[in-house]
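Please take these sequences and the hints and turn them into a complete structure.
So the sequences go chain by chain: A and B. Here our numbering is used: position 125 in the first sequence is 125, and no number is missing along the way. Here our numbering is used: position 79 in the second sequence is 79, and no number is missing along the way.
Just so you know, the hints here were simulated from the structure itself, not pulled from any lab data. Virtual Cβ for every residue (Gly too), placed ideally from N, Cα, C. Take the hints with a grain of salt, since some may be wrong.
Sample of chain A residues facing chain B (criterion: CB under 8 angstroms; computed from the structure) [what the hints assert, rightly or not]: (1) Arg-18; (2) Lys-83; (3) Asp-86; (4) Ala-88; (5) Leu-90; (6) Asp-91; (7) Thr-99; (8) Leu-116; (9) Ile-121; (10) Ser-150; (11) Lys-152; (12) Ala-212.
Counterexamples of contact, computed for chain B against chain A with all Cβ distances above 10 angstroms [unchecked claim]: (13) Asp-49; (14) Ala-50; (15) Met-54; (16) Arg-102.
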Amino acid sequence: MLLGSPALAVAQTADEERPVPILTGSAGFFTNVDGGHTELAPVISPVLLVPIGERWLVEARGSFEGEFARKNDNGPYGGTVGKEVDYAQLDFIANRYVTVTAGRFLTPFGIYNERLYPIWIRSLQREPLIYPIATEASSGIMLRGGFAISAKANLNYAAYFSTLSTINKLESDRTVGGRVGFFLPGPRVEIGASFQQLLQEERTRASGFHFAWQPAATPLNLRSEYAWSGDKGSGYWIEAAYRLSQVPRWQRVMRHVEIAGRMQQFFGHIDEDEAEEYELPEIDTQQADFGLNYYFMDGLKATASYGREFSSEGNANLWTVGIAYRFAVPLGRVQ
Amino acid sequence: MTRPAKLLLRAVLAATTLASPMAAAPPADNRAAETKAEPAVHHENFADDAAIRMEGEKRFQANCGRCHQFPHKFPPRMILTVERHMRVRALVTEDDMRVIIRYLTQ
Numbered sequence: 001m002l003l004g005s006p007a008l009a010v011a012q013t014a015d016e017e018r019p020v021p022i023l024t025g026s027a028g029f030f031t032n033v034d035g036g037h038t039e040l041a042p043v044i045s046p047v048l049l050v051p052i053g054e055r056w057l058v059e060a061r062g063s064f065e066g067e068f069a070r071k072n073d074n075g076p077y078g079g080t081v082g083k084e085v086d087y088a089q090l091d092f093i094a095n096r097y098v099t100v101t102a103g104r105f106l107t108p109f110g111i112y113n114e115r116l117y118p119i120w121i122r123s124l125q126r127e128p129l130i131y132p133i134a135t136e137a138s139s140g141i142m143l144r145g146g147f148a149i150s151a152k153a154n155l156n157y158a159a160y161f162s163t164l165s166t167i168n169k170l171e172s173d174r175t176v177g178g179r180v181g182f183f184l185p186g187p188r189v190e191i192g193a194s195f196q197q198l199l200q201e202e203r204t205r206a207s208g209f210h211f212a213w214q215p216a217a218t219p220l221n222l223r224s225e226y227a228w229s230g231d232k233g234s235g236y237w238i239e240a241a242y243r244l245s246q247v248p249r250w251q252r253v254m255r256h257v258e259i260a261g262r263m264q265q266f267f268g269h270i271d272e273d274e275a276e277e278y279e280l281p282e283i284d285t286q287q288a289d290f291g292l293n294y295y296f297m298d299g300l301k302a303t304a305s306y307g308r309e310f311s312s313e314g315n316a317n318l319w320t321v322g323i324a325y326r327f328a329v330p331l332g333r334v335q
Numbered sequence: 001m002t003r004p005a006k007l008l009l010r011a012v013l014a015a016t017t018l019a020s021p022m023a024a025a026p027p028a029d030n031r032a033a034e035t036k037a038e039p040a041v042h043h044e045n046f047a048d049d050a051a052i053r054m055e056g057e058k059r060f061q062a063n064c065g066r067c068h069q070f071p072h073k074f075p076p077r078m079i080l081t082v083e084r085h086m087r088v089r090a091l092v093t094e095d096d097m098r099v100i101i102r103y104l105t106q
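Listed below in structure tokens is the structure:
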């Protein structure tokens, strides 16, 4: 027994140091009012993380997004639930410079698609107008990594090849592309560029730039993206989110409050069918949004926003009210 | 101060520095060169917990805070999984990840 105790202790310690599979993700319920038309949008987006050994990770995310509206504007609510596999990938962390990813993955174009998309993260629930440009999921192989190139700068990159897939719910185009970014930890500035070449049909190109700044002295988050596509149009968005934690009055409430604003423009002229397929505006469009988030606790927030859309087809008010929750459950023993 | 006295003082200072816990720790580059994909969670008594906490918080804010708020307190085994996920998704560097894991599991 005395001989067995140290061995048991070592085994327990080793077990504590091993990552455990997790089921995480987000769930939310939103009410959108676009130009007077009300839509109810429940969302569930589970993420499965299964670490294997010391260098492998299996990760997958699905999304179930409902769109329910009144029939004829005053009838009962009805609609559909969209089901998608956003990504299902195997990652191999080869070394400090390279991670190899294979499977279906989020296309690394700009920063919104990979990092800001989850509903519990985004400061404004409405996606930017240019979001559909070059962000359809990819199926293939990707090399990516992030490492320090000096004491004051990190480099991050992603390069991928995607193959054509016509499998239902797992569609992807044959493309090649990549993204490179520089992050300066001191001033907390990130700047980068993205590129994508379509290797089928019109063989069009897309490119983009992103910028983010989070000053250390204030709880402010500034983000911006520009994207251009040879066949879909171009545009940009600039967003600022400010946590009111430094407001000296009503601290108990204010530290939970975040205000956010976004200004964006889209430039393009595509026909109605393409606009529906790509989920882009048909014509030049400007939009301004202002939002308010209240964080009850980590991962649980109430959100509300008002936006105004301007285009030659008419202007519209865009309201959103809802709640977003991030969950995380271990699929194994954690102690 | 005479020249022999200065030499003696330098020797004492050098010996004190070499004997300190900070000097005993491997240099940052050596630690970074470890081949493991991610570090083990250590529960040692560090000489300066406050300094580690400050550095961890700084790196957490610089990397993780760019996208989301401070996380809920998770058990260490869950944090290891989340950090591996973030290393791939958000391209957090290996060095930053080590410090953040140590900070979050402290």
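> Once the shortest beta carbon distance from Lys-83 of chain A to chain B is found, is it less than 8 angstroms?
Replying inline: Constraint on Lys-83 of chain A not satisfied, violated at 22 angstroms.
>> Thr-99 of chain A was flagged as interface toward chain B. Is the shortest Cβ-Cβ separation under 8 angstroms?
In response: holds (6 angstroms)
> Per the CB criterion, is Ile-121 of chain A less than 8 angstroms away from chain B?
Replying inline: holds (5 angstroms)
> Hint check: is the beta carbon of Lys-152 of chain A less than 8 angstroms from a beta carbon of chain B?
Replying inline: violated (12 angstroms)
>> Less than 8 angstroms between beta-carbons is the criterion; does Arg-18 of chain A satisfy it with respect to chain B?
In response: Arg-18 of chain A check passes; min Cβ-Cβ to chain B is 6 angstroms, inside 8 angstroms.
> Would the stated hint for Leu-90 of chain A survive a check requiring a Cβ distance to chain B of less than 8 angstroms?
Replying inline: violated (10 angstroms)
>> The hint names Ala-88 of chain A as touching chain B; please verify it with the least Cβ-Cβ distance against 8 angstroms.
In response: violated (14 angstroms)
> Once the shortest beta carbon distance from Asp-86 of chain A to chain B is found, is it less than 8 angstroms?
Replying inline: violated (12 angstroms)
> Taking 10 angstroms as the cut and beta carbons as the points, is Arg-102 of chain B off the interface with chain A?
Replying inline: holds (12 angstroms)
> Does the claim that Ala-50 of chain B lies outside the interface with chain A hold up, using a Cβ gap greater than 10 angstroms?
Replying inline: holds (19 angstroms)
> How about Leu-116 of chain A: closest beta carbon in chain B under 8 angstroms, or not?
Replying inline: holds (6 angstroms)
> Per the stated criterion, does the least C-beta distance between Met-54 of chain B and chain A lie above 10 angstroms, as a non-interface residue requires?
Replying inline: Label holds. Min Cβ-Cβ 13 angstroms, cutoff 10 angstroms.
Comparing the model with each numbered hint stated earlier shows that hints 2, 3, 4, 5, 10 and 11 do not hold.
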